[in-house]
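Novice: As a plain string of letters, each chain reads:
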Amino acid sequence: MPKATLQFGEWRPDVALLDNQYASIADNVFPGLNCYKPVPGLQPISNDMLPERCIGLFSARRLDGTWTTYAGTPHKLWKWTTAGWVNVTRTTGGDYNVPTEEEMWSFAQFGVHLIAVAVSEVPQWINVETEVNFSPLPGNPPKAHNVHVIGDFVFLSALALGGTIPGSSIPTNLRQILWSGINDPTNYTPGTGLSDYQEMPDGGIVKGIAGNEVGYIVQDRSIRLLQFLPGDINTIFSINRVVKDRGCMSEFGFGTVADDLYFMSEDGPYKLSGNQLDPIGQEKISEWFVANSSVEARLFIQFVPTNRPYIVFAFQSNGSTQFYDRALIYNWLLQRWSTATVAAQAWAQLSSSPLDLDTTGDEPGDEWLEWAGSPQPHSLDSLIYYGGRPFLGAIDELGRLCSLTGPNLLAKMQTSEAHLVPGMRAYVSEVYPLCDTDLGTISVETRERLGDAPATSLDYPLEITGSASVLTSARLHRFKLTIPAGEDWTRAEGVLAEAQPDGHA
Amino acid sequence: MRREHEIFDSDGGSLGHITLSQNQMKTLATGGLIAVRYHTPQLLRDVLGDRHGLFELKLDGEHITATDPGEVKRYIELLDAIEHA
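Top line first, the protein sequences correspond to chains A and B.
Quick note, the first sequence lines up with residues 2 to 506 if you use the working numbering.
Quick note, the second sequence lines up with residues 1429 to 1513 if you use the working numbering.
Excised from the complex, chain A in its bound form (with noise of 0.2 Å):
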């Protein structure tokens, strides 16, 4: 019986799925070259749950090398340990109160600080060292949107209405970015030990900096290159547009990979390589991508750097959901897009701290081993015991801390639509997956013209012999396979179809 291979190829909804190999789904799924991967989902590492809604996310990184995780929620900042969350609030001033409506924290290091802003906030830092909690950031520098170090120094950027210059009477907006003396995160005064601010002229509002020596200004209309100038008093940062008229829809929605900018604008998302200007989603996934996420959400769109090559994009396919549920995963060395079905209340890349597997007394943690009885004990190999260790964490939808380390997630990859038999109809009998799982679904969506709605078939399951029966006559068919959560398996490359001719239509 003739059997017609249909590959799950690269994920592009843009384009016209028919007759070739570009796959129409592609959902929890990493892009391989010539395959998808499965992704794992989010696994605790402790039920302690953060009680309000997490709004931000980071590790910072102590002398000896190990790390700290921190989280902001609307009223308090946390720094996780074993143990559990710990309030790191300030101890004066009360509660903060971050419009969640329009904000979330934002957080850099610089040396043994970390700095975290939010607009409705006096800057906060804490010595990740010695202080157990924050308290408001020195140099009275203005309240920001975002902070982020560029080489030796602090920026604040999009600055909240209703402050003013240190220094001067001259009104904070939304358009600056101020940048600390050099090597001094305690002085935000213009003019002195070459802390300065700028004000962009044009391209609405600030959304934040991103970049490491060589720093970009992410505007919602533009962008612009930011480099220090060593020993040019005049000038310190030279500040150059790059983009016109198009920059990105959300304040935590871009960052860099190396010096690689990736944002999400308004018509998808882009890759910024010093002034060359990559459309990385056109004829691939824009449009589905603004088909399928929420308008009034999208200031909230999270990209999250991975330490494989992949970056996220997070976001919320409607207005009703409280937490990101839907993801856009980007394999920048293959350049091949696919989604992820997860819900988060905040993602980053973080930083393991090692978890003691000496059994020996009570130590915070030790829930988290097997032989403590522990109800979700991490295998020996767990990432968890190693400190330092890079992984894409998450705050889950009960407040745990998670890593995306736990079982593989429900899985579905389709392919594109085929005439299995050119000018005819055809009876399909079988389908065999090429994937490495005996558990696993396939249904068919038929059609006898283009104009026609698809009819979507049951989802058959793949029976002793690897293949599902399907039984299914006509003149257009399209196979999804849907593999089970927590179902072991490692690539998937399309789907062997017995077909054969059935008649004209």
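Simulated from the structure, these hints should not be mistaken for lab results.
Treat each hint with caution, since some may be false.
Said to hold, decoys possible - Simulated pairs of lysine-lysine, DSS-like, Cα-Cα distance not exceeding 30 Å:
hint	chain 1	residue 1	chain 2	residue 2
1	A	Lys144	A	Lys80
2	A	Lys144	B	Lys1454
3	B	Lys1454	B	Lys1486
4	B	Lys1454	A	Lys80
5	A	Lys144	A	Lys77
6	A	Lys38	A	Lys272
As the list claims (entries may be wrong) - Covered stretches of chain B, going by a simulated chain A footprint (3 or more residues, C-beta under 8 Å):
hint	segment
7	1447-1456
8	1461-1471
9	1504-1513
For glycine and all other residues, C-beta sits at the position ideal for the given N, C-alpha and C.
Guided by the hints, dock chain B onto chain A, whose structure is given.
Specialist: Positioned in the frame of chain A, the structure of chain B alone reads:
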């Protein structure tokens, strides 16, 4: 705007007040010398002119003293101008 730190010349005469950062005060407190570099903020140069300079400060007993009083005065003039710009 109140500036916290009074600066003196080597004879004990007051030069005026400036604001030093917490990091600069820590350096002074440990017996270190600090260099204060100043410039007219870029967006105020049209109004205030292009001024810049450098002076050093050290802690001399209870007084913060400057080795170049003229530069400190010019810096304070600039701070005043920025404040009123």
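Novice: All the hints need checking, so say for each whether the structure fits it.
Specialist: For each hint, the structure was consulted:
| no. | hint | verdict |
| --- | --- | --- |
| 1 | Lys144/A to Lys80/A | holds (22 Å) |
| 2 | Lys144/A to Lys1454/B | holds (25 Å) |
| 3 | Lys1454/B to Lys1486/B | holds (11 Å) |
| 4 | Lys1454/B to Lys80/A | holds (27 Å) |
| 5 | Lys144/A to Lys77/A | holds (17 Å) |
| 6 | Lys38/A to Lys272/A | holds (24 Å) |
| 7 | 1447-1456 | holds (count 5) |
| 8 | 1461-1471 | holds (count 8) |
| 9 | 1504-1513 | holds (count 6) |
When held up to the earlier numbered hints, the structure conflicts with none and fits them all.
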